[in-house]
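Following the hints, put chain B in place on chain A, whose structure we already have.
Protein sequence lines, in the order shown, are assigned to chains A and B. Count the first sequence with our numbering and you get residues 1 to 480, in order. Count the second sequence with our numbering and you get residues 1 to 480, in order.
It does not matter which identical chain is meant; a pair holds if it fits inside one copy or across any two.
Straight-line C-alpha distance at most 20 Å; calculated EDC-like pairs for lysine to aspartate or glutamate:
hint, residue 1, residue 2
1, K119, D79
2, K308, E240
3, K68, D79
4, K68, D220
Worth flagging that the hints you see were computed from the coordinates, not collected in a lab.
Number of protein chains: 2
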Amino acid sequence: MSSNRPTLVEPRTLKGFQDFLPARARQRNEAIAKLSPLVERYGFVPVETPVLEHLDTLLGTGGENTNKELFRFLSPEEDPIAMRFDLTVPFARLLAQYPEKLKTPFRRYAVGPVFRADKPGPGRYRQFTQFDFDHAGTNDIAVDAEICAIMTEAMKALGAPSQRLHINSRKIVDAVLAGCGIAELDRQRHVLRVIDKLDKVGLDAVRAELGPGRMDESGDKISGVGLDAVAIEAIERFLEVTGATRLGVLDALSNSTATSKALDEALAEMRDLAGCLDCLGVGEADAIFDPSLARGLDYYTGPVFEMKLPSAPQFGTVMGGGRYDGLVSRFSHQAIAATGGSIGLDRLLAALEELRGTPLPSTHVQVLIVTFRGVERRKYLELATELRRAGIAAEVYFGKRKASITDQLSHANLLGIPIAIIAGSDEFDKGELSIKDLGEGAAAREGIDLRDAYREAGKVGQRTISRAELISSVRELLDR
Amino acid sequence: MSSNRPTLVEPRTLKGFQDFLPARARQRNEAIAKLSPLVERYGFVPVETPVLEHLDTLLGTGGENTNKELFRFLSPEEDPIAMRFDLTVPFARLLAQYPEKLKTPFRRYAVGPVFRADKPGPGRYRQFTQFDFDHAGTNDIAVDAEICAIMTEAMKALGAPSQRLHINSRKIVDAVLAGCGIAELDRQRHVLRVIDKLDKVGLDAVRAELGPGRMDESGDKISGVGLDAVAIEAIERFLEVTGATRLGVLDALSNSTATSKALDEALAEMRDLAGCLDCLGVGEADAIFDPSLARGLDYYTGPVFEMKLPSAPQFGTVMGGGRYDGLVSRFSHQAIAATGGSIGLDRLLAALEELRGTPLPSTHVQVLIVTFRGVERRKYLELATELRRAGIAAEVYFGKRKASITDQLSHANLLGIPIAIIAGSDEFDKGELSIKDLGEGAAAREGIDLRDAYREAGKVGQRTISRAELISSVRELLDR
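Excised from the complex, chain A in its bound form:
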């Protein structure tokens, strides 16, 4: 390294964050372009709130974990501020802040980055994109059913090979816990947080943590809820209830646990939800009732939802949601019942990519216009303009001055561009062009290096057309 060069800044992505290169960025854009009209068909309209909020807006809404995980700092005015950790709390703020402009019932969707300063790990990032849809203004369970319907429809729209939406009700869990003698809200929440770890740590660890506590992997003591063996067994029995159908699970629940008015009401509500799901065309295989579903966030008050991919369980929860009738009351004396769902786009798309197994195409460019030194670039710009005006995506090769045709075709190959237009001064003089079918492109997309093939085959797949045939010839090749 020469000493009179300036010191370089090492180009690097922040720990826990990720760059989206073209194939994955395109995949996400396309997903959003499919999901937006889907939720709009259900009557949802978009809103967008800033990435930053006053700290007190966010603090204490999600539970102790999210409090710890806030990226927080001071504004230029020295006010405590933080980056949002979800899109739900800002939505609750909006409802309270604009009672005149956002009259309930109000259905909104929002897409954007959220931030959690937790420990990064495989598939766990500090910034991730959520796609949320929420309804405010009723506690009618029919709306929760619509949220579930959107979630299952979204999975199909994105091409998921299988799906399973787990549905539970905080009201059922609370009634069961009250039946076990756990009446205080704080203890109930503690139990929920322990249950929420079931998938991650297994039943034995959960059992220990519901009791006296346990040691975690690093040997640190995790304090337990302190329940007795009878309560723990009752909870365990509850967690393990299953059934062949949604109504079957509810029947099994009402048979296996001590009855109470609260439980009966909660079960009736879920029976109603089951009926609504049927009307909305949500199949029994796609959405099940699962008593072991807890959800990590504190603000839920009714039905809760988590979507998983049965064929890619290692990706965990790819969508979540539930009813949060109390959240708006943090900001307003006017109580506004609300429910909604949230799609963890990054994780879901990473899972679908892995399931699909083939690499994603990174470009939609349809034509590469090869350039020659010694030819006026303006001639190439004119060709490109003609193609673009016809709605055909075209790139003029502007790279290294010395790039050969082979170099340029290899660039097309790398990006998966299916057609090249080749013209030197001879062709322009004669009013002609060469059009080359790179649509051995199938091969290109499979990553086969065509450079050698081009070198050997010379003008394979290439033919001469008149200048006037440019658009029709390109269309013809594209239509194949």
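Leaving out everything else, chain B in the frame of chain A:
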């Protein structure tokens, strides 16, 4: 306020930030949906980088102002980090970081929020959305011409009634300044920053600041560049050069300033740019050469661009850009020439909204399904499902339990929903529905309150259809 209610958190947006309620959020989404295919036709592919970067990645790239305006803090690992102030510096980082995956020539676009902790003011926000498109891998001026073409095409795509792209060249400015005896980079940049304020502070203030300095509005001393009268006059003459055409401006420039090899080369490059703009169909009225254009950021090295709305000059610059051949060298010994443009979406859309004068519609919902107490909500869900499966956006009214038909139609009116489906138990029993044309909707969109009209007119615009005619009847009304 009752004393046993919990303390409320005041719902409020952070100073300098803004919420996008449905009409404006939809406007932005629709703009992005128009701009993305436009740049894709030019061969650009999407990438996305995190909102947060290492502080050293950003520091010193934009100039002293952007350094001061960084939202900066510490990561959980105590590393200095900051929120990105543009999308260009992260792009330069990407190019250096992924030389194998992002082979040049490379054309990328990116959309996302950027952050500047400067003084908020009318139309000046601390978070705003940029839509950027950049080409890396050549210093060929033809690509700058393509960037200009995209900017002018984007204005048309978004429905701007008029536009003017101002184009200048840092190379011309540098040659002229060198001709005035200002050879050092730091002083040249200082002059540029002063010239950049021309629109804001006027010629007299700029003249003073090029000389000994001046007092600003609040009486603070702004130190000057310290040029003598001869140099200031030469700069002033340069700034005021105009011409009837792009080539005319260049001719006038070469006549009015002292000639030099550097200036001749810079002018030749701009003549080439003018020729390329012609080929790309960029009209003389839409894009002019303007010697007074400076651009605030330090990293530009060649052509620079700023788009303004002649019919809404108060909104200032709505797009900007230019060539920055040195920026990637901060991160890599491999020099990569690059150029690009950036659309300030929020400001541009606010300007277009003001020019349009009519309020934006906030919803695309086509049908509101009115609900009655005492009717199974499942029947309504089935109607909605049928409509949505036919691609028709439908919302079932779920709000206050006691909402009357009038309340519900008023909700449709507020959102601009054009059709209502009304059915009570009688209708369901007979296999019938009422369909109501709210498409006095034109009136609704103009903000006329139809509640009284509904009350008086009773069943105006309403007719009975059979259940089986649902989709066809709705389509018929929508097609009108």
